[in-house]
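*Asks:* Chains as they are written, first to last, in the working numbering: chain A, 480 to 593; chain B, 35 to 148.
Read the hints as simulated data drawn from the structure, not as lab findings.
Backbone N, C-alpha and C fix where the C-beta goes; we use that ideal spot for every residue, glycine too.
Incorrect hints may appear among the rest.
[As the list claims (entries may be wrong)] To give a feel for the contact side, a few chain A residues facing chain B, derived at Cβ under 10 Å:
(1) Gln481
(2) Val483
(3) Gln488
(4) Thr507
(5) Pro513
(6) Gln517
(7) Gly520
(8) Phe541
(9) Phe545
(10) Phe568
(11) Ser572
(12) Tyr582
(13) Gly586
(14) Ser588
[What the hints assert, rightly or not] Derived lysine-lysine pairs resembling BS3-like cross-links, with alpha carbons at most 30 Å apart:
(15) Lys48(B) <-> Lys521(A)
(16) Lys91(B) <-> Lys112(B)
(17) Lys91(B) <-> Lys550(A)
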Amino acid sequence: QQQVKQSPQSLIVQKGGISIINCAYENTAFDYFPWYQQFPGKGPALLIAIRPDVSEKKEGRFTISFNKSAKQFSLHIMDSQPGDSATYFCAASTPVGTGNQFYFGTGTSLTVIP
Amino acid sequence: GAGVSQSPRYKVAKRGQDVALRCDPISGHVSLFWYQQALGQGPEFLTYFQNEAQLDKSGLPSDRFFAERPEGSVSTLKIQRTQQEDSAVYLCASSPGTFGYGYTFGSGTRLTVV
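If we strip away everything but chain A, and leave its shape as in the complex, we get:
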């Protein structure tokens, strides 16, 4: 059973537009929610992460919005650039000592058109 559900599977955005990727989870024990960016032939790289005690975190053009009651979180990429074209994965983990893994979504392939 997929612990973290991600949508859409693919996304095409014009340069300068906003890219939005959504994730949902069921396990209320999750307490850490990172987003990873993966380019072809490379491993995932941490982009930004959030904990459930805040509703939003912003780093440059990347923002995570977190809705604890709905058990949903999303990644917003402002002013999307062709260099942002990659696959994005959301993930979640339980507190230290209760598990040792990240549960990843199935990924969103983002294409930013010049």
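The hints should help you fit chain B onto chain A, whose structure is shown.
*Replies:* This is chain B only, laid out in the frame that chain A set:
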């Protein structure tokens, strides 16, 4: 080293052959993880080491999979009697602490079983 290094980058194995995949984590990193990433999917947890101790192997799909990290640095993932369903990218990640916050992935080994 500067990053997590994995070798070989590509491996083609005949069905039934044994393979060994190597991971060189970032020097001094305590935690080491192995993930399996099927085509078009997110990474799935295989196993976790803290120094030389394998603390979690709950994600290993069968007893054909074996991992070790004898001196607390380099790790090897061994797959015996490979099957076609083992074809995937095998990712290694390491982190400086005793869990995975902010861990760094390698570029992976793409295993193709023919």
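*Asks:* If a hint holds in the structure, say so; if it doesn't, say that too.
*Replies:* Tested hints:
no.: 1; hint: Gln481; result: 9 Å, holds
no.: 2; hint: Val483; result: 8 Å, holds
no.: 3; hint: Gln488; result: 9 Å, holds
no.: 4; hint: Thr507; result: 19 Å, violated
no.: 5; hint: Pro513; result: 8 Å, holds
no.: 6; hint: Gln517; result: 8 Å, holds
no.: 7; hint: Gly520; result: 7 Å, holds
no.: 8; hint: Phe541; result: 16 Å, violated
no.: 9; hint: Phe545; result: 17 Å, violated
no.: 10; hint: Phe568; result: 5 Å, holds
no.: 11; hint: Ser572; result: 7 Å, holds
no.: 12; hint: Tyr582; result: 8 Å, holds
no.: 13; hint: Gly586; result: 5 Å, holds
no.: 14; hint: Ser588; result: 9 Å, holds
no.: 15; hint: Lys48(B) <-> Lys521(A); result: 25 Å, holds
no.: 16; hint: Lys91(B) <-> Lys112(B); result: 13 Å, holds
no.: 17; hint: Lys91(B) <-> Lys550(A); result: 28 Å, holds
Hints 4, 8 and 9 from the list above are not met by this structure, while the remaining hints are.
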